[in-house]
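> Heads up, the sequence shown stops at 191 in the working numbering, and the numbers go up one at a time, no gaps.
Derived from the structure by calculation, the hints contain no laboratory data.
Quick reminder that beta carbons are idealized off the backbone N, C-alpha and C, glycines included.
Hints may contain errors.
Unchecked claim - If you anchor each label on the Cβ, the simulated ranges turn out as follows:
{"id": "1", "residue 1": "147", "residue 2": "58", "range": "18 to 24 Å"}
{"id": "2", "residue 1": "139", "residue 2": "57", "range": "22 to 28 Å"}
{"id": "3", "residue 1": "155", "residue 2": "60", "range": "52 to 58 Å"}
{"id": "4", "residue 1": "103", "residue 2": "16", "range": "18 to 24 Å"}
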Amino acid sequence: MALDQRSPFELRIWHFYTEEEKSITLLNAYKQRVLFSEDIKSLLLKDRLNTWSYWGFPAACYALFHYTGALQPYIATKYSLSTQRLIPAAISGILWLGWLHFNPFYNALQNEKLHLLNLIEKRVGLNMKALNEQVPRTWTTQEIHRQIRESYNNRHGFFTNILYPSEERASPLQDISSYPFKYRRDKIVK
2 MALDQRSPFE LRIWHFYTEE EKSITLLNAY KQRVLFSEDI KSLLLKDRLN
52 TWSYWGFPAA CYALFHYTGA LQPYIATKYS LSTQRLIPAA ISGILWLGWL
102 HFNPFYNALQ NEKLHLLNLI EKRVGLNMKA LNEQVPRTWT TQEIHRQIRE
152 SYNNRHGFFT NILYPSEERA SPLQDISSYP FKYRRDKIVK
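Please construct the entire structure, taking both the sequences and the accompanying hints into account.
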């Protein structure tokens, strides 16, 4: 008999979580040592690549404001000066919308988050609901990922075991029975 009895069509626990709630679940799982540094390292790399891809986009679009030699004569003879200035801005805006929706680095980051949420569910089961706490309004996913990165750097930096606890002593390892609630699929029981 398989341990996982759920249907392939059944939604996961985190299906209706916002991006911030998914990230705060990962942060709390890392702080409570449900996730370890080996698990979280690939998320940090993909988050860094995603951040650099967003910061690099304006530099890539800068070339649009200085047309190539092949495009310049056509635009200069066909359109007025104000339209000539509007065309690169419109192209940049369209490319930005396309980049927001089809960024491969962002998709890789989201896939890594889902992989880690699956891993948390395998380790603690439905008790992973206790890891999702209310997120302050001012916290964005970037802020939560910064806190994950800070915790990772504290556990593996130069001042580990001097100012900051190491991976083994970071937080007490949570026993599943010590979680605040025991969750069942149909109801919550205290």
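> Does each hint hold? Answer for all of them.
Comparing the hints with the structure gives:
Between residue 147 and residue 58 the C-beta distance comes to about 20 Å, which sits within the given range of 18 to 24 Å. Between residue 139 and residue 57 the CB atoms are about 26 Å apart, so this pair conforms to the stated range of 22 to 28 Å. For the pair residue 155 and residue 60, the beta carbons lie near 32 Å from each other, so the given range of 52 to 58 Å is not met. Distance hint check: the CB atoms of residue 103 and residue 16 are about 22 Å apart, consistent with the given range 18 to 24 Å.
Checked against the numbered hints listed earlier, the structure breaks hint 3 alone; every other hint is satisfied.
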